[in-house]
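Following the hints, complete the assembly by docking chain B onto the known chain A.
Number of protein chains: 2
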Amino acid sequence: MATLRQTVAELGALGADRRSGAAEIADRAAALLEAFCRGQRARDPQLPYALSALAEATLAAHPAMAPLLNLANRIQLAAEADGRALLALRRLLAGYRRERQQAAKAIARRFARHLPRRATALTYSYSSTVLAALAAARSRLARVIVSEGRPGYEGRVVAERLARMRIGVTLVIDAALSEQVEAADLVVVGADAVLARAYVNKVGTRQLQEQARARRKPFYILADTSKFLPAGLAGFHRLEAAPGGELWRDAPAGVVVLNRSFESIPFERGVTLLTERGALTPAEVRARLERQPVARRWPRLRQGGQTNGSGRR
Amino acid sequence: MATLRQTVAELGALGADRRSGAAEIADRAAALLEAFCRGQRARDPQLPYALSALAEATLAAHPAMAPLLNLANRIQLAAEADGRALLALRRLLAGYRRERQQAAKAIARRFARHLPRRATALTYSYSSTVLAALAAARSRLARVIVSEGRPGYEGRVVAERLARMRIGVTLVIDAALSEQVEAADLVVVGADAVLARAYVNKVGTRQLQEQARARRKPFYILADTSKFLPAGLAGFHRLEAAPGGELWRDAPAGVVVLNRSFESIPFERGVTLLTERGALTPAEVRARLERQPVARRWPRLRQGGQTNGSGRR
Chain A
733 MATLRQTVAE LGALGADRRS GAAEIADRAA ALLEAFCRGQ RARDPQLPYA LSALAEATLA
793 AHPAMAPLLN LANRIQLAAE ADGRALLALR RLLAGYRRER QQAAKAIARR FARHLPRRAT
853 ALTYSYSSTV LAALAAARSR LARVIVSEGR PGYEGRVVAE RLARMRIGVT LVIDAALSEQ
913 VEAADLVVVG ADAVLARAYV NKVGTRQLQE QARARRKPFY ILADTSKFLP AGLAGFHRLE
973 AAPGGELWRD APAGVVVLNR SFESIPFERG VTLLTERGAL TPAEVRARLE RQPVARRWPR
1033 LRQGGQTNGS GRR
Chain B
733 MATLRQTVAE LGALGADRRS GAAEIADRAA ALLEAFCRGQ RARDPQLPYA LSALAEATLA
793 AHPAMAPLLN LANRIQLAAE ADGRALLALR RLLAGYRRER QQAAKAIARR FARHLPRRAT
853 ALTYSYSSTV LAALAAARSR LARVIVSEGR PGYEGRVVAE RLARMRIGVT LVIDAALSEQ
913 VEAADLVVVG ADAVLARAYV NKVGTRQLQE QARARRKPFY ILADTSKFLP AGLAGFHRLE
973 AAPGGELWRD APAGVVVLNR SFESIPFERG VTLLTERGAL TPAEVRARLE RQPVARRWPR
1033 LRQGGQTNGS GRR
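Listed in order, the protein sequences are those of chains A and B.
Residues in the first sequence are numbered consecutively from 733, following the numbering used here.
Residues in the second sequence are numbered consecutively from 733, following the numbering used here.
FYI, nobody ran anything at the bench for these hints, they're computed from the structure.
In this text the structure is predicted, and so the values were computed from the model without any measurement.
Even for Gly, the Cβ is constructed at its ideal location relative to N, Cα and C.
Accuracy of the hints is not assured; some may be wrong.
[Stated by the list, open to error] Calculated lysine to aspartate or glutamate pairs in the DMTMM-like style (CA-CA distance at most 25 Å, straight line):
(1) A:949 <-> B:942
(2) B:949 <-> A:911
(3) B:949 <-> A:1000
(4) B:837 <-> B:911
(5) A:837 <-> A:942
(6) B:949 <-> B:917
(7) A:949 <-> B:911
(8) B:949 <-> A:759
(9) A:949 <-> A:982
(10) A:949 <-> B:1000
[Unchecked claim] Not everything, but these chain A residues come out facing chain B in the computed CB check (under 8 Å):
(11) 763
(12) 888
(13) 891
(14) 900
(15) 903
(16) 979
(17) 983
(18) 987
Bound-form chain A, shown alone (with noise of 0.2 Å):
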């Protein structure tokens, strides 16, 4: 049984992980979650207020990642379910780990009828949703080229993993990685949000995708829906610099160390966005994004200019 203020603190500790992927996340969230319900009355007066709290702190967690604003956007959802918030949370989040488990599967599927025979194929950053389709498609590989993934390393994490599956991996410094676009039969990456008219992802993924496109290569974002971003949510949404300190601890005084982690990327042709659903377009993500319902508080939290008291906006 975790109490309101432990599951507050923990969806917290959740925006210091700078290395795991933001599907991964939100499962880490939605877990945390799942433990605060099991401990609630259905009928505690308290609790819509209590579950607005734990939307709050989902949304504050890593404000770039779409996964945790539905998510937050989900619970706050079921706080507005009037007088069976506990039932409607349980079966939003039951409803999202599933969700999500099977979208990666399809995803999977549909990725490895991409590729040709003995690809090599280039990644960069860390994605869950790109591991398991690279792993799927495994007998169909030839080799995958990553990059390190400074300050974190997280491609590092990419090629050990890759390299226990037994598929060859190609490390590169994140300056040599576009270069390596040509020898690579297509390039594949994540999403932390998927927006109207661009996806959000590490910085250097645009630079990566018009590598891409000027070497007609073709272009994946394996990215399940969990990670589109209605209207009504965007304006959560935030790309914010991570701490210098990570990249350079004793940076000298006059040196500004700027540690941004995110960058929007526009869709462009020759870019496919493949999810559970399959390959989508630009026209078909926006029809989506406005059919997503939003819950009835954000809008009037905007307007009051704040979300919560944590300061980390």
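Quick look at chain B alone, frame taken from chain A:
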């Protein structure tokens, strides 16, 4: 006084320095050679053979760096100056050092004229020529953007030196540098070699040049003519990869660490090559390259397919 054996060993040791710029390493090689000269007798009949050995050691130390190949060429030209080898070498070495210093100053003066007031410059990797130019242009600089420079972190060295001169510095990860071109007024890089149709610099430079072109930002290559590599020496020029262990010491089995340091970048429209003789067009570069004398021994060595026994190539 330094023996032949010592000097060959010391020249070889320069190959392990992967943080200093090409011009700096060549300066150190010239100093080692001057020390060797001090202990020699002009009439020693062995001298030409000794100089050939020194030329080969210089050629092999950093085969991507043109100043070292040019220095090796000068040593070999001296060895081929019948009966006057020592005098010829002393003159060539003294000339080399003087030319280098004057060239760096001339380039710095010319570069400063290209800078707008309160300019934000972006640079990549470490170049002593670029550092000297930025130092001389201090009063016109608002800020310099630089990246870490994995794996050697030579970008931190640049940041530190600039900060000491009270020039504002922003340091980002290598993958974010291209994106920062937007925030800069101009991009400036050094070069390890200048060839007939391309120049050589750290991997990642080509990407930066493409980004600068796309955003219509001026792009400068600062390189004195000691970086110019005549066709007769180009056969010794190698863009070999550095040891993978520098990138990831305990990489798991199955992961090939490809630590490429250099790449060749074509001269393109909108790119300015600034030398001590002013901005040169590719046609002017080619004309100069054709005029540079090359020692008689090199073509023979190349036919033999071997330049030394150090096993580095």
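Checklist entry - Which of the numbered hints are not met once you compare them with the structure shown? => result Violated hints: 4, 5, 8, 9 and 11; rest satisfied.
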